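Novice: Single-letter residue listing:
Protein chains: 2
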Amino acid sequence: MKPKKRVTLLDVAKHAGVSRATASLIVRGSPDITEKTRNKVLKSMQELGYVYDRVAANMRSNKTSTVGLIITDIANPFYSELLRGVHNSLDEAGYSVFLGTTFDLDAKQQKLLSTMLEHRVGGLILCPVSDSSNETIERIKQLDIPLVLSVRELENVDADYVGIDYEVGAQMAVNHLIQKGHQRIAFLGGFSGSTAWKKRKQGYCNALTQAGIELDNSLIIESEVSRDGGKDAVRKALLHQDPPTAAICFNDFVAHGVILGLNDAGLNPGKDMAVVGFDNVPEAALYNPPLTTVSSYARLIGSQAASLLHQRILNPDREQQRIILHPELVVRSSS
Amino acid sequence: MKPKKRVTLLDVAKHAGVSRATASLIVRGSPDITEKTRNKVLKSMQELGYVYDRVAANMRSNKTSTVGLIITDIANPFYSELLRGVHNSLDEAGYSVFLGTTFDLDAKQQKLLSTMLEHRVGGLILCPVSDSSNETIERIKQLDIPLVLSVRELENVDADYVGIDYEVGAQMAVNHLIQKGHQRIAFLGGFSGSTAWKKRKQGYCNALTQAGIELDNSLIIESEVSRDGGKDAVRKALLHQDPPTAAICFNDFVAHGVILGLNDAGLNPGKDMAVVGFDNVPEAALYNPPLTTVSSYARLIGSQAASLLHQRILNPDREQQRIILHPELVVRSSS
DNA sequence: CTGAAAGCGCTTACAG
DNA sequence: CTGAAAGCGCTTACAG
Chain A
1 MKPKKRVTLL DVAKHAGVSR ATASLIVRGS PDITEKTRNK VLKSMQELGY VYDRVAANMR
61 SNKTSTVGLI ITDIANPFYS ELLRGVHNSL DEAGYSVFLG TTFDLDAKQQ KLLSTMLEHR
121 VGGLILCPVS DSSNETIERI KQLDIPLVLS VRELENVDAD YVGIDYEVGA QMAVNHLIQK
181 GHQRIAFLGG FSGSTAWKKR KQGYCNALTQ AGIELDNSLI IESEVSRDGG KDAVRKALLH
241 QDPPTAAICF NDFVAHGVIL GLNDAGLNPG KDMAVVGFDN VPEAALYNPP LTTVSSYARL
301 IGSQAASLLH QRILNPDREQ QRIILHPELV VRSSS
Chain B
1 MKPKKRVTLL DVAKHAGVSR ATASLIVRGS PDITEKTRNK VLKSMQELGY VYDRVAANMR
61 SNKTSTVGLI ITDIANPFYS ELLRGVHNSL DEAGYSVFLG TTFDLDAKQQ KLLSTMLEHR
121 VGGLILCPVS DSSNETIERI KQLDIPLVLS VRELENVDAD YVGIDYEVGA QMAVNHLIQK
181 GHQRIAFLGG FSGSTAWKKR KQGYCNALTQ AGIELDNSLI IESEVSRDGG KDAVRKALLH
241 QDPPTAAICF NDFVAHGVIL GLNDAGLNPG KDMAVVGFDN VPEAALYNPP LTTVSSYARL
301 IGSQAASLLH QRILNPDREQ QRIILHPELV VRSSS
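These protein sequence lines are chains A and B, in that order. For the first sequence, position 113 matches number 113 in UniProt numbering, and the numbering has no gaps at all. For the second sequence, position 220 matches number 220 in UniProt numbering, and the numbering has no gaps at all.
Honestly, I wouldn't trust all of these hints.
Intra- or inter-copy, both count: the list cannot distinguish identical chains.
Stated by the list, open to error - Keeping only pairs whose Cα atoms sit at most 30 Å apart, straight-line, the calculated DSS-like set for lysine-lysine is:
| no. | residue 1 | residue 2 |
| --- | --- | --- |
| 1 | Lys14 | Lys111 |
| 2 | Lys40 | Lys198 |
| 3 | Lys108 | Lys43 |
| 4 | Lys236 | Lys36 |
| 5 | Lys5 | Lys108 |
| 6 | Lys43 | Lys236 |
| 7 | Lys236 | Lys199 |
To be clear, the hints were calculated from the coordinates, so they are not data collected in a lab. On a predicted model such as this, the values are computed, not experimentally measured, just so you know.
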């Protein structure tokens with residue numbers, strides 16, 4: 001494999017007997033070139049195996065055709081759905097996307113921000129880690145490229161945002177459980193540090209208050225945001241002297257763990273304890289029992305974020321947008 | 001937002017009172033610059049908010065720090081695991097990755113190949129669509145960038161490959177079912193067009209032959225590679241006049257559908273029909289019943305592919321590698 | 001360490 | 001359509 005020299009536009013032009021300027025117009029699809037010349041040049045490209053160098057073109061014209069997407073964890077189906085949404089709408093618009101995964105680590109997030117900037121992405125969709133350091137937030141504020149935040153909002157950062165109303169969602173879920181006659185309702189999973197957690201907690205409190213049920217902080221149990229976290233949380237809940245009869249979980253991931261944990265304890269999820277999740281990942285309908293959950297429209301969030309970014313790139317001065325999708329309760333047999 | 005002019009190395013150099021050459025040496029971490037000068041320059045970078053332009057640097061030095069990854073479908077947990085493996089090992093090596101999803105469509109694959117080449121990726125990890133057109137294959141052969149194929153092999157294409165031994169895997173699975181006393185074993189899901197299917201089918205046949213069981217083609221039922229596909233396939237299998245007592249499924253995705261389909265039919269998966277999957281996605285242990293399956297080490301495949309690519313980029317002349325991971329049977333209660 | 005020059009592969013702008 | 005020149009932000013190579 002000798003490093004073949006790259007075929008350039010000038011090579012093509014010479015081969016076709018036209019000027020470099022003409023060849024350039026043709027690759028960019030200019031209309032004022034005769035059919036005949038165009039075909040001649042296209043044929044030369046074929047023969048020489050020319051590949052357009054978008055990087056060079058972008059650099060010269062100070063444009064960019066790439067976009068960065070930073071998510072937390074691809075293993076969470078919520079994010080794979082979101083990613084689908086993003087790709088769907090960005091592919092159409094002709095962007096290529098750099099994907100980065102933070103694993104919810106601030107250091108990794110910092111690193112990714114740097115590399116993406118160095119690669120001159122034309123814009124960024126960022127799903128921030130659950131506790132971004134002040135330093136990171138400061139940096140994000142300074143970013144002078146189009147930015148869309150998603151899933152988690154960052155205080156004091158001016159940027160487009162698309163997410164769902166976690167507070168209302170949690171409230172709907174808890175109302176549902178109350179209507180089913182539950183009084184002792186646990187709130188399982190997640191870390192109290194994150195905004196996403198605080199919002200849900202607020203919704204949880206709202207619903208209890210409205211129903212005149214007193215808040216019992218011992219029913220609020222934090223955990224890792226994972227299946228194992230859910231197992232842990234429910235295990236602790238079951239040790240309670242006056243255990244809950246129902247639980248709202250931080251997300252479906254955690255809820256799945258809760259279901260598994262109940263099974264492990266010889267209990268019947270849905271009967272012995274009602275379980276409600278958050279996100280409505282595609283698998284949620286397939287859990288055993290199928291999970292009642294709050295739909296957070298992952299794919300839609302992704303495509304909306306992509307579309308906001310696209311518009312912001314086209315027009316940096318447009319008014320700032322904040323899209324909060326209204327969640328929906330999906331009732332299945334786990335409650 | 002006025003389009004701030006980008007701060008260049010020359011700006012930094014002027015600000016710090018050194019030459020552009022010196023500044024360039026510093027960003028590249030050259031050792032023969034005095035500590036004092038280095039600090040002075042780094043400070044100027046800070047103050048001016050300098051961002052290294054890796055794109056320009058790569059272009060000049062004819063290097064690249066990006067890599068393309070083309071997969072079939074991110075919604076399949078097999079691929080999200082693979083992606084994790086790829087990222088893990090590529091991040092360390094300092095590459096940024098362009099992600100593309102084909103949805104198993106040849107046209108999309110073509111498109112992605114083009115854009116990635118135009119973006120000058122330094123190499124490509126390709127999980128080909130199940131039936132690549134001859135045109136595509138021809139094109140892939142012509143690629144003069146480092147290429148690693150994964151998951152599906154392409155005939156007559158010279159490239160590194162990492163995958164698992166589907167034939168042996170399927171054979172292990174069927175042997176297991178035979179040992180459990182099954183004689184009528186169905187092969188459910190997937191399309192007979194793909195290599196992945198043919199290999200599994202071969203393993204299925206091998207096992208039957210060795211056990212002296214006659215092949216019954218009516219027990220081989222194709223379907224979409226999805227949960228719905230699995231449901232369809234098992235529905236058809238149950239209509240058989242002499243229905244199977246066990247099934248090996250194209251993958252876990254399909255197997256999950258088969259389990260759900262059995263439930264729908266009022267049957268007890270694992271008791272009324274043994275079910276074995278393929279891939280061992282993380283969820284497989286959580287199905288109801290937990291799924292016996294053949295582990296295909298998605299994450300390991302990803303990290304191996306990444307490492308092959310990295311090595312190939314460093315040394316294009318190195319000997320071609322073909323890594324076939326040996327599958328492992330994971331027995332759970334669905335069989 | 002400096003300084004000046006050339007070049008990566010394109011686009012831009014312009015006179016013809 | 002052509003042709004020649006300049007420039008995007010870097011690195012390379014070299015003489016000093």
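Novice: Hint by hint, say whether it matches the structure.
Specialist: Against the structure, the hints come out as follows:
In this assembly of identical chains, lysine 14 and lysine 111 lie within 30 Å of each other by CA distance solely across copies; the values are 27 Å between and 44 Å within a copy. Taking the closest pair of Cα atoms, lysine 40 and lysine 198 never come within 30 Å of each other, the shortest separation being 64 Å inside a single copy and 44 Å across copies. Taking the shortest alpha-carbon separations for lysine 108 and lysine 43, only the inter-copy value of 23 Å comes in at or below 30 Å, while the best intra-copy value is 46 Å. Proximity of lysine 236 and lysine 36 under a CA criterion of 30 Å is satisfied in neither setting, with 77 Å inside one chain copy and 57 Å between copies.
In the homo-oligomer, the alpha carbons of lysine 5 and lysine 108 lie at most 30 Å apart only across protomers (28 Å), although the nearest pairing inside one protomer, at 37 Å, exceeds that limit. With identical chains, the CA atoms of lysine 43 and lysine 236 are never at most 30 Å apart, being 71 Å at best within one copy and 51 Å at best between copies. For the identical chains of this complex, lysine 236 and lysine 199 are intra-copy neighbours only, at 23 Å inside a copy versus 47 Å across copies, given an alpha-carbon limit of 30 Å.
This entry does not satisfy hints 2, 4, 6, going by the numbered hints stated previously.
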